[in-house]
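Take each chain as given, in its own frame, and dock them per the hints.
Chain order of the listed sequences is A and B.
So that you can map any letter, position 13 of the first sequence is 13 in our numbering, and since no number is skipped, the others follow by simple counting.
Position in the second sequence counted from 1, then plus 1000, gives you our numbering.
Calculated directly from the structure, the hints in this document are not laboratory data.
A portion of the hints provided could be inaccurate.
Unchecked claim - To give an idea of the interface, some chain B residues facing chain A are shown, with a C-beta separation under 8 Å as derived from the structure:
#, residue
1, Lys-1049
2, Lys-1068
3, Phe-1090
4, Gly-1106
5, Lys-1107
As the list claims (entries may be wrong) - With a cut-off of at most 27 Å between alpha-carbon atoms, the simulated BS3-like pairs for lysine-lysine come out as follows:
#, chain 1, residue 1, chain 2, residue 2
6, B, Lys-1049, A, Lys-11
7, B, Lys-1069, B, Lys-1107
8, B, Lys-1058, B, Lys-1107
9, B, Lys-1058, A, Lys-57
10, B, Lys-1049, B, Lys-1069
11, A, Lys-57, A, Lys-71
12, A, Lys-14, A, Lys-71
13, B, Lys-1069, A, Lys-57
14, B, Lys-1107, B, Lys-1049
Note that CB positions come from ideal geometry on N, CA and C, so glycine has one too.
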Amino acid sequence: DTGVSQDPRHKITKRGQNVTFRCDPISEHNRLYWYRQTLGQGPEFLTYFQNEAQLEKSRLLSDRFSAERPKGSFSTLEIQRTEQGDSAMYLCASSDSDVIHEQYFGPGTRLTVT
Amino acid sequence: AQSVTQLGSHVSVSEGALVLLRCNYSSSVPPYLFWYVQYPNQGLQLLLKYTSAATLVKGINGFEAEFKKSETSFHLTKPSAHMSDAAEYFCAVRYPRGANSKLTFGKGITLSVRP
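The shape of chain B in the complex, shown without the other chains (with noise of 0.2 Å):
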């Protein structure tokens, strides 16, 4: 069964300082994967996505991610942080073939910004 672990529950880093959200997945083969950010009150908006191409993936906002397939990882990265990325980050996974198509989630990191 598919299953996605995010370590820690909140991570909290100064402006300006870098960014460092981990995910690691388990499943038989390499999946689809994810990285969706949620504002308070808010659904989801898809950061970025990892589709079996290039294993550095650039989203939206200035984040990217790095699928490691000897770690089982996919770490959401960004170099500078800025206030406006304090929101809750979530990392899915999807199993590409076969007949089911739901994304399973991790619990979610909450990202808070330091002035």
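Chain A with its partners taken away, still in its complex shape (with noise of 0.2 Å):
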């Protein structure tokens, strides 16, 4: 069990460029789950996957953002258009069971939008 990875760790970017995050789950874990959270808050859910299919996603996530987990194993989170109110670090986690739900996270990506 290597745990959630996530690339990058660190990405800046200028405003108006297209940037896209990467989150490897806990292998045998189905559900993974996308958050952001901005200084000083709490993480704020974005979207979540059971294998490959997209289950709920927050009002949070407007049409510049788009996630997939094409083959129900990494998921990538595209950003476009980026804004300087995107800058957040972006935090993915990964479960495998309902019952208890325990999300098991990543160590993030920071996304700074100059």
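Below, the structure is given as structure tokens:
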């Protein structure tokens, strides 16, 4: 069990550029979640997948955001036409059971939009 | 709708002193409850969880929390603070039934430990 991994750990981009983040969950976990955390706040839910199906999206996930999990393993989160308000830590989590639903978090990708 | 309130944004204790971090939830039925810790520039690590079993839950690093339905609370405690406990702590809830699987987090409390 190598844990949840995210790549890159840090990303600096200019406003208007597109960025893509990757999350690799714990191998046997079928559920994968994306959260966004801004400074001084707790993580806020963005979206989640069960296998390859995207089951819920938050209203925070504007049209500029898209997430995929094509084969039910790794996931990508793309932000198009980045804005300064997108600067945040993007956290990925995974879980393998809905009974207790303990989520394991990755180290996050810190995005800075200049 | 579920919500979590963590009173105060910063708690400072002396090394060896009691740690008490407060969490209150608001939901129509008792949810699953979690405490996570976050060290600088890292992801969240689960400290402990309440899942409708024992109301006093023991976690890692000497932390424990007690679920009190009458007070809608799930406060986190540790008898004796250590310098390594300095971090940010988040309380989170999840409604145990239904299709909604997301965690709802509080704003977090920063714990400082004075030598």
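*Satisfaction of hint between Lys-57 (chain A) and Lys-1058 (chain B), Cα-Cα up to 27 Å*: violated, 33 Å
*Would the pair Lys-1107 (chain B) and Lys-1049 (chain B) pass a check requiring their Cα atoms to be no farther apart than 27 Å?*
Holds. Lys-1107 (chain B) to Lys-1049 (chain B) sits at ~18 Å (cutoff 27 Å).
*asked:* Hint check: Lys-1049 (chain B) vs Lys-1069 (chain B), CA-CA at most 27 Å. Holds or violated?
replied: With Cα atoms ~15 Å apart, Lys-1049 (chain B) and Lys-1069 (chain B) stay inside 27 Å; holds.
*Holds or violated: are the alpha carbons of Lys-57 (chain A) and Lys-71 (chain A) at most 27 Å from each other?*
holds, 19 Å
*Decide if the proposed pair is consistent with the structure: Lys-1069 (chain B) and Lys-1107 (chain B), CA atoms, cutoff 27 Å inclusive.*
holds, 21 Å
*Taken at face value, is the distance from the CA of Lys-11 (chain A) to the CA of Lys-1049 (chain B) at most 27 Å?*
violated, 33 Å
*If you take the shortest Cβ to Cβ gap from Gly-1106 (chain B) to chain A, is it below 8 Å?*
Gly-1106 (chain B) check passes; min Cβ-Cβ to chain A is 5 Å, inside 8 Å.
*Under the criterion that the straight-line Cα-Cα distance not exceed 27 Å, is the pair Lys-1058 (chain B), Lys-1107 (chain B) satisfied?*
Given that 27 Å is the threshold and the Cα spacing comes to 23 Å, the pair holds.
*Is the hint on Phe-1090 (chain B) kept, meaning its closest Cβ partner in chain A is under 8 Å away?*
holds, 5 Å
*asked:* Can you confirm whether the C-alpha distance between Lys-1069 (chain B) and Lys-57 (chain A) stays at or below 27 Å?
replied: violated, 30 Å
*Measuring from the C-beta of Lys-1107 (chain B) to each C-beta in chain A, is the shortest one below 8 Å?*
holds, 5 Å
*Report holds or violated for the interface hint on Lys-1049 (chain B), using the least CB-CB distance to chain A and a cut-off of 8 Å.*
Constraint on Lys-1049 (chain B) satisfied, holds at 6 Å.
Checked against the numbered hints above, the structure breaks hints 2, 6, 9, 12, 13 and satisfies the rest.
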